[in-house]
Amino acid sequence: MLNRVLVMTLAAACALALLSAGCATRNDAGAPGARDGEAASAALAARLDAILPGLAGADPVRREQAQRDFDDLCAAAGDPASPARRVALCRLIVERLSSPGPRGARLALLAALTRLGDAESVAALASLLGDPEPALCDAARRALQHNPSPSAGGALAAALDAQPGPIRQAALVNALAARREAAAEARLIALLDVADPGLRAAVISALGEIATPGAESALRAVRAVDGDARAGAIDALLRTAEHCMRDGALPRAVAIYRDLAAEADAQVRLAALGGLACADAEAALPRLVEVLSAVDEEDRTLLTAARIVQDMPGPQAGEALVRLLERDLLVAARVAVLDALAQRGERSAAAVVLTYARADDPEVSAAALCALAVLGDERHVAGLLSLAAEGDAARQGPLVETLSRLRGESVSRTLLSSLDDRATPPPARVVLIRALSAREYGAALGAFLAGARDADEGVACAAFEALASNCPGDRLEDAVDALRASQPGARAAAENALVAIAQRQSGAAARLRPLVAALEAGGDAETRAALVRVIGRLGGPAALEPLRAALRSPDAPLRDAAVRAIAAWPDADVLDDLRQIVETSAAPNHRALALRGGTRLLRERRELGEARRLERLRHFWDLAADDTERRLLLSALGDLAGADALTFAQAAMRHDALLNESATAVASIARRLAAYDAPRAQQALAELDDRPLSPAAMNLVRQARDFILRHDGYIARWSYAGPFTLDGGDYAAVFAHGFPPEQPEAGGGWRFVGPDGAPAGWRPLDAAAGDNPWQLDLTLIDRGSNRCIYAGALVWSSRAQPARLQIGSDDGVRVWLNGALVHSNPPVRALRADEDIVNVELEGGWNTLLLKVAQGSGGWGFTCGIRDREGRPLDGLIFGPTPSTDALGTAGQATGAASAGPE
Amino acid sequence: MPRSPVRSAHLTRRQFVRGAAALAASGFAALPSLAHARRAAANERLTIGLVGVGNMGSGHLDALLGNPDVQLLAVCDVDAVKRDAARRKAEEHYGGATRSGEYRAVEATNAFEDVLARDDIDAVLIAVPDHWHAIIAIAACRAGKDVYCEKPLSLTIRQAWEMVAAARRYNSVFQVGSQQRSEDNFRHACELVRSGRIGALREVRVGIGGPSRDKQFAEQPPRPGLDWDRWLGPAPWQPYNADRCSGDYNGGWRHVRDYSGGMTTDWGAHHYDIAQWGMGMDGSGCGPIEIVPPPEMPDIRKNPDPDKEPVLRFTYPTGVTMVHGGANGVKFIGSDGVIEVNRGYLKSWPDAIAKSRLGPDDVHLYRSRSHHQDWIECIRTRRRPVADVEIGASTITTCHLANIAFWTGRTIRWDPQRREIIDDAAAARWLDRPMRAPWRLHL
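Heads up: the protein sequence lines correspond to chains C and B, in order.
Using my numbering, the first residue of the first sequence is number 4, and each one after it goes up by one.
Using my numbering, the first residue of the second sequence is number 3, and each one after it goes up by one.
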C-alpha cells in the first residue's frame, strides 16, 4: 500500500530509514521544506539507487514493485510546484545512464526521461542515439522527441547525418516531424532524393508536419511528379494546410486547397473542398454547389459534398442549399440537400421543403417529410393533411412520423381539431389518429373511442391501435363497448387493443371482469367469440373458467374461439381439457388443434417430469385417430430422455408407416439417454442399422451415433454446491477465494463441511444445455455475476492409470482430483469444449472429481471428459450415480464470510 | 518499414443507388431500413476488411458474416493461427454462395497495409489492441476507407484528435465501438436526463475499474505463428510473454500501460461516454475542466464506493460533478430524482421517471438500433453515425485525463477548447507518447 508521506527529514539517516522501510510514496515532499538541497538530492539519489537493482532483476514480481516505486518517484518529481526536484532526478538519471548497465533498467530510465527530461538531459540522450542496441537507441530517440527543450530538436537533426542506414534515419525524421522542427527543413528536403522508399515516405510525411513554406514547395514538387510518392505528398499538403490554418497562415491554406480542388481524384477534391470550406467559405461554396449540380457525379461524391455544405457555418450555406433545390438535381443530390437542411436546422426552409413532400419520386418525398419533421411546426400541418387526404399509402407512414414529431403543444391541439372535423376525409383521419397516438396526446382519448366506431374500417383500425397504446386500464369498459359497436374488419385490431388495455389493470379480476360481464351479457356470437379470444390471450387461472364455459356453448364461433385459446395455452393446466377435446370433439380441426396443443405442451413443459410427460403422451397416443396424429406425437416423444420413452419409440417402429418417425425419436432419445445408460442407447441405435429407413432418418441415426461416440468419457452426472459469492468481491476475488467445498477434509474425498461444522448442501445438477447432456449450462441455476459453483462427480477406474481431463469452461475453472488441485485457469472466456487438457493419474477404484467454475457475467457453463493421454476413450471407467444430499451430508447453506447465492 | 497505403477507387453509382432511399428511411426510426428488405446483390454489398480477429474481432467476424449487406474480403491479424481460423470460418460461411457464383475468396494477411491497399474494399473494422488504433485508422481514412474502430478509441489524447482530423480530412464515416449508444436503455436514460425528468443534474456516478500500469513479465519464447514485433508495433520494445499480449480481461494487455489505459478506458469508453451523453457534454470543445484524483491509485478492477472512500472526481463547466465509482453502470443524480442505467438495467427513483414517456417537445437523441447497421447505413448516406469519431475522441479524452490524474497523483486542470493541460508540464507529457520506430501517425 502506498502512504502519503507529508514531510521527509533532511538527514541521511532519514533517507536510510526510508530505504529500510522500503516504502515508496506518491507526491512525497522530497524538496519542499528541505533545508539542505544537497541532502535532499542525496536522499533522492539514495532512493533511486535503491530502486535500480529491482528494475534490472530477473524476478518480474520484484521488477514490477520497483517499477511502481520508480513511477511514484517520477510522479513526485513532475510536480510543477517543485521544479528543482525534476531537474535533480533527471540529472541523477543521466548520471546513471552514463555507465553501462542492464538493458531493462536503462530502458526504464530512458522512459522516465521521456516523461520528465528537459535541457539537462539532451546531451546524454543524444549520445545514446548511436547505441548499437536498437531498443536503447530508439528509446533515447523517443525521449528526445518528447523533450521540450529546443536543443533536443537540434540534437535530433544533427544525428541525421551521423546515423547509419535508412531505418534509423527514418526514426529521426519521425521525431523531427512530431516536434514540427522547422529548423530541420533543409536537412529533410535534402533527403527527398534518397533511394530508400521508406525513408522518402517518412520525409514526405514529416514535411507535412513541419509545414514551412519551404516544405510546402518541396511537397508541391513531389506532387508534380507522378509516382508512388504523389499520394503521400498530397496527404502531406492537406496537413500542411491544416497547420497553416491553426498557425494563422490562412492565405497559404487557401492556396493549397484551391490547388488540390482541381485534382481528378474525387476524394482529394472533396478533401480540398472541405478544407476550403473552413478556410474560405465564400470561395468553397460555389464549387460545392457546382458539384451538387452535376449530372454525372457519383452518389458518394454528391452526398459528401452535401455534408460539407451542411457543416459550413453562417447563413450563406443554408441559403445556397435552398437555392440548389430549384435546380435540376440528381435524386441523390436532392435527397442529400433536403437532409442537409434538416441537419442544419434551417427552419426558414420548411415551406420550401414542404413542396417537395409532394414530389413524384418517393425518395425525394420521403426525404422532404423527414426533413420537415425537424424543421416544421404547426404552420405546416394543413399542408401535410392535404397531402394525407390524397390517400397515397406510400406516404402515410412518413406523414405520420412527421406529424408526430412536429414540436409544440399547439400542434397536438390542431391535429385533434382536424380529427374532430367530420369533413376530414378518412385517409387523413387515419394519419391524424396515428400521429396523435404517437404524440401520446391524452386529450385525444375520446376521439380515439369515437373513431373506433367509425364506419370506415381503416379509421376504426387506426383508432383501436391508438387505444392499444394510449387507453388507461380503467377505461376498459369503454373499449369493450367500442368493440361491440365496431366493424367486423376492425375486430382483430379491437382484440389487440383490449388485451393491451386490460394488461394495464392490476389484478386478474380487474382485467377479466368487464370482459366476462360483456360475454355473459349476450350479443352476437362473433363479438362474444372476440371476447373469448381476448380472455384467452390474457391467460391466467381465472380465465380458464369462462373458456371452459365457452367450450360448452351452443354457439360455434364461441366454441371455436375457446378451443383455439386452450390449444395455445402456455402451461400444463389444460392438458386434461385438450385430451377431452381430442376425445369428444366432432370437429376434425378442433381435434387437430387440441392434439397439437397437447403435443406442444408435452415438449415444452419439462417441469412435468419424464414420467408424467410420457404418461400424458400415451393418453394422446391411445386417442390418435390416424398415423398423421401419431407422427405428431412421435415428434414430442423425441424430446424425452428415459429408457421407457425409448421402449415406447421402439414399439412404435412395428408400424411400417411410422418407421422413420419412430427411428428419429429413437435416435433423439438415445442421444440423451447415452449420458446415463450408454450401452442401452448404443444398442437401440445398432438395432436401427438393418431397418429400411429414409436417408434423412439414417442421417439422424448416424449423427446420434457420432454424437455419442464423441462424448465417450464425458461426464453428464454431477452434483453441485453454490453459487458462492463474496461481499463486494469481483470475479478475480471469487476465483481466488477458497469457499467451503475446497476445504480439505480428513480422509480425502469431496464431502465437506462448512466452517461451523454443518454439512453443506449438494444437489443433483440438472442443467443440460439443450439436447447435450454433457454440456452443463449453469445459467439455468443462477443468472448472477461474479460468483462460482462447484460441481462434483465420482469416477470409478478399474485400475490406476494415466489419463487426461478435457475441459471447456465459461469462465475460469479450477479442478481437484482426489483432493489435489490439478488445474487452475482463470480467464474470462466463452465455453469451447476441450480447451484445457490436463494430464492426471487416476487411482484404482473411486476417484472424486471437483470442479470450481467461476462466473464473470453472461454465459456460464462447462464440459468435462476423461480420456487417455492421447485423447482416446479409456476402458474401465464408470461414472458414479449422482450423489444425493443424503450421501454427502444433509442439505444446508455454507455460512461465514462467503455467502451462497439463492437456491 | 511501414508501407504507404493506396487509396481505393470509389464505389459505383449502382452501389449507392439504394443510398438515397436508405437516407430517407434512416431518418425515421419507425420505417424499416430498405437495406434489410432483401439480401443485397453482390455488387451492392459493402465490402469489408477485418483487422484484428482476437476476442472482440472474432465477435465482429460472426456479426459481419451474418449480415447480408456486407461481404468480408480480408482478415488481418499478426497471429497466424487466429487469422487462418478466421479465414476458414469466413470461407466456410461463404462457401454456400459458390453455387450462385457470388463466392469471393477471403484474403488472410499479417499486414493491415495489404487490406488498405485493396481498391475493392470499401471499409475496415479495426479490432486490435488500443496502441495500434490510431495508426491503422488514420491510414484507413487516407486510403479512402470508412472505419469502424473498437473502443477505447486511442492510447493518447493527441492520437484521438488526430483520428478526428483524418476522418474529417477525408470525409470518412467513422464509427467508434461504444455500442451502448445503440442500446435503447442508455439512450432513453440520457433522454430522460436531458429532458429534465430528474430536475437539475448535480452528479453522475460511473461504475468502472481503474487505470493500467507498467507491468513486468518474464521473457518467454515467442508463440509460433505470432509476429511479435508487429504485435508490439508502436509500443516500446518488450520481450514476449503470453500474458503480456493475452486478450484475457482478467489480465493481459488491457492492464498494461504501454498498450491500453486499463479499465478506465476499457469501460470508461462505455460508461463515461454515456455519462457525457446524458450531460450533453459529448463532442469537440466539451469536457471536464478539473480532475481531482484520490490519494491512492485504485486497483484496476475495483469499482470504488464514493460514499465510503476517496475517489476521482471530474468537474464540468456546468458545475456538474462526475465521480469514478459508486454505480451499477451510470447513475445520474438530479434535484428531483435519480436514474441508474446499465446493460439490461434501467431504474429510477422515483419509479415513475423511468416509465415516463417522451413527447415531441422533449429531447430525442440519435436512435440507432444496431451499432453495426448504423455504421453501414451511414456509409450509404454519408451521415455521421451515432458514435462518431468526434464523440469517441471526447469520451476517450475524459478517460485519459482520469488516468493522467491517477498516474501523476495531482489535480489536472484541463482546457477543453484548446485541449491543453494547464500549468503542469509533466502531466501534459501524457497527452501523447512517442512511437517506436518505424511507426508514426501519418504513414
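You may find that some hints are simply not true.
Unchecked claim - Residues of chain B clear of chain C, computed beta-carbon distances all greater than 10 angstroms:
| no. | residue |
| --- | --- |
| 1 | 90 |
| 2 | 116 |
| 3 | 338 |
To be verified - Listed below are several chain C residues computed to face chain B (Cβ distance under 10 angstroms; list not exhaustive):
| no. | residue |
| --- | --- |
| 4 | 58 |
| 5 | 144 |
| 6 | 629 |
| 7 | 630 |
No lab work stands behind these hints: they were computed from the structure.
Beta carbons: idealized from backbone N, C-alpha and C, even for Gly.
How the hints compare with the structure:
Residue-level check passed: residue 90 of chain B sits 15 angstroms from the nearest beta carbon of chain C, beyond 10 angstroms. At the 10 angstroms boundary, the C-beta of residue 116 of chain B stays outside the reach of chain C, the nearest C-beta of that chain being 16 angstroms off. Every Cβ of chain C is farther than 10 angstroms from the Cβ of residue 338 of chain B; the closest lies at roughly 21 angstroms, confirming the non-interface assignment. Below 10 angstroms, beta-carbon pairs count as interface contacts, and residue 58 of chain C has one with chain B at about 9 angstroms; its hint therefore holds.
Below 10 angstroms, beta-carbon pairs count as interface contacts, and residue 144 of chain C has one with chain B at about 7 angstroms; its hint therefore holds. A least Cβ separation of about 38 angstroms between residue 629 of chain C and chain B goes past the 10 angstroms threshold, and the interface hint is therefore violated. Proximity of residue 630 of chain C to chain B is violated relative to the hint, the smallest CB-CB distance being about 35 angstroms (cut-off 10 angstroms).
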